[in-house]
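Colleague: Listed here are the chains, written in short residue letters.
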Amino acid sequence: MPDFRNFGVMLRVLLGVNALALAAALVHSNGIADWVPRYVDMAAWVQPLLLLNLALLALLGKGLRRLPAGLGQIFIIVLAAGSAALLLDFWRFMGFDEGSWQRLLRASLLSGATAATLLLYFSLRAKAFSPALAEARLQALTARIRPHFLFNSLNAVLSLIRSEPRRAETAIEELADLFRALMRDQRDLLPLADEIALCRQYLNLEKLRLGERLNVVWQVSAVPADVKVPPLMLQPLLENAVYYGIEPSSEPGTIRIAFARKGKELHIGLSNPCYGGTNVPGGNHMALANIRERLTLYYDLEARLETKEVALKDGRHEYRVRIVLPCRSEKI
Amino acid sequence: MNTSPALSVMIVDDETPARTRLRDLLADIAGELPNVVVAEASNGVMAIAAIDGLAVDVALVDIRMPEMDGIELARHLAQLEQPPALIFVTAYDSHAVEAFEVNAIDYLVKPVRAQRLVAALRRARQSRPPAPQVLAQLSPGARSHLSCHERGRLLLISLADIVYLRADLKYVTARTAAREYLLDESLTHLEEEFATRFIRLHRSVLVARDAIVGFERSTTDDAEAQWQALLRGIAERLPVSRRQWPLVKSYARQSNV
Numbered sequence: 001m002p003d004f005r006n007f008g009v010m011l012r013v014l015l016g017v018n019a020l021a022l023a024a025a026l027v028h029s030n031g032i033a034d035w036v037p038r039y040v041d042m043a044a045w046v047q048p049l050l051l052l053n054l055a056l057l058a059l060l061g062k063g064l065r066r067l068p069a070g071l072g073q074i075f076i077i078v079l080a081a082g083s084a085a086l087l088l089d090f091w092r093f094m095g096f097d098e099g100s101w102q103r104l105l106r107a108s109l110l111s112g113a114t115a116a117t118l119l120l121y122f123s124l125r126a127k128a129f130s131p132a133l134a135e136a137r138l139q140a141l142t143a144r145i146r147p148h149f150l151f152n153s154l155n156a157v158l159s160l161i162r163s164e165p166r167r168a169e170t171a172i173e174e175l176a177d178l179f180r181a182l183m184r185d186q187r188d189l190l191p192l193a194d195e196i197a198l199c200r201q202y203l204n205l206e207k208l209r210l211g212e213r214l215n216v217v218w219q220v221s222a223v224p225a226d227v228k229v230p231p232l233m234l235q236p237l238l239e240n241a242v243y244y245g246i247e248p249s250s251e252p253g254t255i256r257i258a259f260a261r262k263g264k265e266l267h268i269g270l271s272n273p274c275y276g277g278t279n280v281p282g283g284n285h286m287a288l289a290n291i292r293e294r295l296t297l298y299y300d301l302e303a304r305l306e307t308k309e310v311a312l313k314d315g316r317h318e319y320r321v322r323i324v325l326p327c328r329s330e331k332i
Numbered sequence: 001m002n003t004s005p006a007l008s009v010m011i012v013d014d015e016t017p018a019r020t021r022l023r024d025l026l027a028d029i030a031g032e033l034p035n036v037v038v039a040e041a042s043n044g045v046m047a048i049a050a051i052d053g054l055a056v057d058v059a060l061v062d063i064r065m066p067e068m069d070g071i072e073l074a075r076h077l078a079q080l081e082q083p084p085a086l087i088f089v090t091a092y093d094s095h096a097v098e099a100f101e102v103n104a105i106d107y108l109v110k111p112v113r114a115q116r117l118v119a120a121l122r123r124a125r126q127s128r129p130p131a132p133q134v135l136a137q138l139s140p141g142a143r144s145h146l147s148c149h150e151r152g153r154l155l156l157i158s159l160a161d162i163v164y165l166r167a168d169l170k171y172v173t174a175r176t177a178a179r180e181y182l183l184d185e186s187l188t189h190l191e192e193e194f195a196t197r198f199i200r201l202h203r204s205v206l207v208a209r210d211a212i213v214g215f216e217r218s219t220t221d222d223a224e225a226q227w228q229a230l231l232r233g234i235a236e237r238l239p240v241s242r243r244q245w246p247l248v249k250s251y252a253r254q255s256n257v
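As you go down the protein sequences, you meet chains A and B in turn. Residues in the first sequence are numbered consecutively from 1, following the working numbering. Residues in the second sequence are numbered consecutively from 1, following the working numbering.
These aren't lab readings, by the way, just hints derived from the structure by calculation. Please note that a few of the clues may not be correct.
Anything over 12 Å on all C-beta distances counts as not near chain B; from chain A, calculated [what the hints assert, rightly or not]:
| no. | residue |
| --- | --- |
| 1 | Ala33 |
| 2 | Arg66 |
| 3 | Ser159 |
| 4 | Glu212 |
| 5 | Arg320 |
For each label pair, taking beta carbons as the anchor points, the in silico distance ranges come out as [said to hold, decoys possible]:
| no. | chain 1 | residue 1 | chain 2 | residue 2 | range |
| --- | --- | --- | --- | --- | --- |
| 6 | B | Asp184 | A | Leu154 | 38 to 46 Å |
| 7 | B | Arg253 | A | Leu52 | 56 to 64 Å |
| 8 | A | Pro165 | B | Val36 | 26 to 34 Å |
| 9 | A | Ala258 | B | Glu192 | 42 to 50 Å |
Covered by chain A, according to a simulated footprint, are these stretches of chain B (three or more residues, beta-carbon under 8 Å) [said to hold, decoys possible]:
| no. | stretch |
| --- | --- |
| 10 | 8-17 |
| 11 | 20-31 |
| 12 | 63-69 |
| 13 | 147-156 |
Because the structure is a prediction, the values reported are computed rather than measured. Glycine included, C-beta positions come from ideal geometry on N, C-alpha and C.
Sequences and hints are given; from them, build the entire structure.
Modeller: Here it is in structure tokens:
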């Protein structure tokens, strides 16, 4: 649905309708000399109707955009047809037109058809531009790592340099790999194995800081090696799991990550302990909303992300995230 | 050369490597600024246990920690007769850092650099710990513990253990299943801070919602009968004022007490 308050849209509607009127005048005329007078004749009918409709659409703009796209389009066509009939009837009342139900119907049909043509144009145009838009959105959405993690990790590595220089070296290499992945131009789907390797590196770094408080259990079985997934889909979820599930407790906690293939779908399950009453200021939901939107951009309705909080038998609570993706081994 | 005695320092951070790092740095700067690490703790609760009986000049305190965070720890430490000077250490917390700037509270960012640490420790010798009101503003959430000062010791009372809070004259008494504690707080402030946890039974009593197990009508002959709340863990019953009864009753109905 175009934004009818946008100047560009208004201009396109004005030009589009006049182009159609010009074409109609040419069809109607007896010869090329007759074309311009015909168009001027026609413009006297077309322009007031056009301006009336533009004004109405600009007024209704916000409400229209809230309707489902199909309903909105039908509404606009009906509006155009109805206003044409009303205007013609008003001209008849003023004595400018002889008026008959046949002429009314013809005006409505023409007006409705013009509206439909323009709507088609707008929807085609939106489709032509949307890949670029989607790409820009993907770029913007691709997870950014928490600064909290970066500085804490650097601090942990610094503490290792004197006592365990080799471990410190490994840690810095892992940090470099992680940031290389984060700064890559991320658009294409990547093999699941790469994402898992990245997550392992990330968790190794967290393990460095959190020590025995962080336990991780991986369950990777029967998943084809060449399945592709959106880049950095899991890492932000693990970061959330550590931030909200492990760090708030001094007791050890376990993060579980499971992969399973079910038919043509890849199911990914992630769980971490959760602590009731944590006053989380939206951070968690932002990361989730972000991933959900990226999934939509990559897979449309074929992928889904579900979360729930489960009370375990021993009274503890667990937070679970489940992602279902279509199994794709080729690039999209 | 510095002639004053070595500065006694406490390190509070939940991450072992972070504590190691601060210890290494403090050892590095010992020539320039004599210091000795007298205690280490991995969260606020353990820090308060560790500080008992020690004279600590400066506490280096991480902000984000499990059980009790650095800001709440600072609020409790402020009750000590000779509270240590505080330097907050944080990895990245733009909100807290902004607040520290505004209130001129000393802080360091991780990874901490030796020279910054020296400067902060030098300042800390002169500075006074931040005022409790300022700290209260810094942590918008409710505290996890209340504290009281008893015979020179700082005692922590976990919110989860408190059955009721009662105001008598100057003090507020906190009752747990085990004993009573005298708090230097106002009941009104406690009611605001822990609104979800406690419900007012009458003018001077707040009771933990989850400690109410039922209600009983008192069977005294005089005047009108009064409702009393039965509590989990203690035999004592608390009267419900006539003014509060409708509110308490509607809460009880919602939660099926």
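Colleague: Count the residues of the stretch 8-17 of chain B with a beta-carbon closer than 8 Å to any beta-carbon of chain A: does the count reach three?
Modeller: holds (count 4)
Colleague: Just want to verify: A:Ala33 was marked as not at the interface with chain B; is every Cβ pair farther apart than 12 Å?
Modeller: At about 73 Å from chain B, A:Ala33 clears the 12 Å cut-off, so the statement holds.
Colleague: A:Ala258 and B:Glu192, beta-carbon distance inside 42 to 50 Å?
Modeller: 44 Å Cβ-Cβ, so the 42 to 50 Å window holds.
Colleague: Regarding the assertion that A:Ser159 does not contact chain B, is the least Cβ-Cβ distance greater than 12 Å?
Modeller: violated (4 Å)
Colleague: Can you let me know if the beta-carbon spacing of B:Asp184 and A:Leu154 is within 38 to 46 Å?
Modeller: holds (41 Å)
Colleague: Mind checking the hinted window 56 to 64 Å against the Cβ distance between B:Arg253 and A:Leu52?
Modeller: holds (59 Å)
Colleague: With a C-beta cutoff of 8 Å, work out whether three or more residues of the stretch 20-31 of chain B approach chain A closely enough for the coverage to hold.
Modeller: holds (count 3)
Colleague: Can we trust that A:Arg66 is non-interface, i.e. its beta-carbon lies farther than 12 Å from all of chain B?
Modeller: Nearest chain B Cβ is 35 Å from A:Arg66, so the label holds.
Colleague: Could you let me know if the closest chain B CB is still more than 12 Å away from the CB of A:Glu212?
Modeller: Not fine: 9 Å to the nearest Cβ puts A:Glu212 too close to chain B.
Colleague: Taking the shortest Cβ-to-Cβ distance between A:Arg320 and chain B, state whether it exceeds 12 Å.
Modeller: holds (22 Å)
Colleague: Closer than 8 Å, Cβ to Cβ, for at least three residues: run that test on the stretch 63-69 of chain B against chain A and report holds or violated.
Modeller: holds (count 3)
Colleague: Taking the Cβ atom of A:Pro165 and the Cβ atom of B:Val36, is their distance within the range 26 to 34 Å?
Modeller: Holds, since A:Pro165 and B:Val36 (Cβ atoms, about 27 Å apart) stay within the stated range.
Hint check: violations occur at hints 3, 4, 13; the rest are consistent with the structure.
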